[in-house]
Each structure stands twice: as structure tokens, then as C-alpha cells.
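Listed in order, the protein sequences are those of chains G and F. Numbering that gives the first Met the number 0 numbers the first residue of the first sequence as 0 and each following residue consecutively. Numbering that gives the first Met the number 0 numbers the first residue of the second sequence as 0 and each following residue consecutively.
Calculated from the structure, these hints are not laboratory results. Be aware that one or more of the hints could be misleading.
[As the list claims (entries may be wrong)] Straight-line alpha carbon distances no greater than 27 Å define the calculated DSSO-like cross-link-like pairs of lysine-lysine that follow:
1. G:K118 to G:K76
2. F:K35 to G:K62
3. F:K72 to F:K62
4. G:K76 to G:K62
5. G:K76 to F:K35
6. G:K103 to F:K62
7. F:K62 to G:K62
8. G:K35 to G:K103
9. F:K76 to F:K35
10. G:K76 to G:K35
11. F:K35 to F:K62
12. F:K35 to G:K103
13. G:K62 to G:K35
14. F:K35 to F:K103
15. F:K118 to F:K76
2 protein chains.
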Amino acid sequence: MRDTRAMASTPADVKELPSAYDFVLDIPGLNYDDIKVQIEDENLLVITGERRRDDEKDKEDGKYLRIERWMGKFMRKFTLPDNVNLEVISAVCRDGVLTITVEKLTLPEQKKAKTIEVKIA
Amino acid sequence: MRDTRAMASTPADVKELPSAYDFVLDIPGLNYDDIKVQIEDENLLVITGERRRDDEKDKEDGKYLRIERWMGKFMRKFTLPDNVNLEVISAVCRDGVLTITVEKLTLPEQKKAKTIEVKIA
């Protein structure tokens, strides 16, 4: 499963289950609204988002004594395998962890999808 | 503000506000129950916790194709400045970000605390 990185990155696990693939990303501080999950070029899972420092309290004249948390735009791309059903993708965001589940094709569909018709000339 | 690291680390911002100090840590995937916030040696703010991979789905014979997310125990220590009120510390965990707020002493208390009595022999 090829992984193309661009812009900043965020750590991800990929897990294969009997019926699906899970893509799990650390995205602390992001709301679901700040994240975009797309399929490009038919088999490319693209996850983009932007982390912003919560600076509401700056109005109170705050100043940073230490800055370690990374902020900015990020993107992760994963080439999906052939045996997935792009119609059944779910994304759940909880405690700063985004889990995208892509269902595998059930066997009959998969076989059908792989059928190559041989024409006799 | 000295920062002593031990075990694994997790990124933190420290922000000084007029009335308090904010310690902000990225802890994606952790529940508040997994985190311990303590004051040691009167002025040392100690934050410990442990990240565990959510492996409930392993029962379904899952296997990892990629593992990038860091797991394990972590600890962060911060030496607090003198002008804080250790009685007023709050911790809020939201979207995988932990914010610990330590209130500053109000001025009369601070002055009182710094009074040095000079005895005449």
C-alpha cells in the first residue's frame, strides 16, 4: 500500500481486518469539521486538514514560553488495494484519533470485478 | 521554567497568561482516566500517562500493515515558577489535547509569601 506524503505529515497506522482496512491517524486538537477525506484517481485515499493553535486566550495578552506542538496543514495519501468497496467508507474522530474504515468487497463482487472477458476473434 | 523529560515524551506548549499558566499537551487517543497530573517536591508539575493501541478489533484477526503511531508510557515534568497557587489547578482534556491551568497567586498573597521577617538580635 503506497503512501505518498506531501506537506507536513501526521502519524498513521494501517490495519487489515478480514472485512475492511482501518487507517488510524493522530490528529489531536482537530474537530471533524477541520478534516477532509477524499478518494482521488479511483484508488487514492487522501486525508487533509489543518491544525491551528487555540489562541482565544491571546486576547488576554498571553505569551508562549514554550512551543513544541506542531501546527499547520497536513496531508496523507494511501493507495488503496483493488479489493475495496469505495461505496462503504466511514470516518470516526474520537479523542484526537481519526479512524477511516474502508470495507473490502465481498467475494462474489470481487470475483465479478476481476472477470476478464476474452473475445475470440 | 525547567522541563525534565523522562521515558517517552509528548509535545507541549507552555503559555503565560496574566492570571495563569497553561500547559498544553498533545495526547491523542487518551482518556482523562489514563492521565495522572501531580505536584511533586512543592513546585514540580508531573504529567504521566500511557497510550495503548486500541486492539479490540484484533479479536477479528486484524494485522498491521503500517505502524507509525507511538504507544507506551510518557512523562513530562515542569518546574513551576514561584508565583503560582497550587490550590487552583485545573485539567481539561478535549479532542486529544490536555490543558492544565495553574493559577497565579493574586498580588496580596504573593507579596505576603515573599515577606522576610528580619529579627533584631
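How the hints compare with the structure:
A hinted pair counts as satisfied when its Cα atoms are at most 27 Å apart, and G:K118 with G:K76 does not qualify at roughly 37 Å. Between the alpha carbons of F:K35 and G:K62 the distance comes to roughly 26 Å, so the proposed pair stays at or under 27 Å and holds. Distance hint between F:K72 and F:K62 is fulfilled; the C-alpha atoms sit about 23 Å from each other, no more than 27 Å. Between G:K76 and G:K62, the direct Cα distance comes to roughly 36 Å. Violation of the 27 Å bound is thereby established for this hinted pair.
Taking the CA atoms of G:K76 and F:K35, the gap is near 35 Å; set against the 27 Å cutoff, the hint is violated. Distance check on the hinted pair: G:K103 and F:K62 sit about 15 Å apart at the alpha-carbon level, within 27 Å; holds. Note on F:K62 and G:K62: the hinted pairing is violated, with a Cα-Cα distance of about 45 Å set against a maximum of 27 Å. With a CA separation close to 21 Å, the supplied pair G:K35 and G:K103 stays within the 27 Å bound.
With a C-alpha separation of about 12 Å, the suggested pair F:K76 and F:K35 falls inside the 27 Å cut-off, and the hint holds. For the given pair, G:K76 sits about 12 Å from G:K35 by alpha-carbon distance, which is consistent with the 27 Å threshold. With a CA separation close to 31 Å, the supplied pair F:K35 and F:K62 exceeds the 27 Å bound. With a C-alpha separation of about 40 Å, the suggested pair F:K35 and G:K103 falls outside the 27 Å cut-off, and the hint is violated.
Only pairs whose Cα atoms come within 27 Å are accepted, and G:K62 paired with G:K35 is rejected, the gap being roughly 31 Å. With a C-alpha separation of about 22 Å, the suggested pairing of F:K35 with F:K103 holds against the 27 Å cut-off. With a C-alpha separation of about 38 Å, the suggested pairing of F:K118 with F:K76 is violated against the 27 Å cut-off.
The structure is inconsistent with the numbered hints 1, 4, 5, 7, 11, 12, 13, 15, although it conforms to all the rest.
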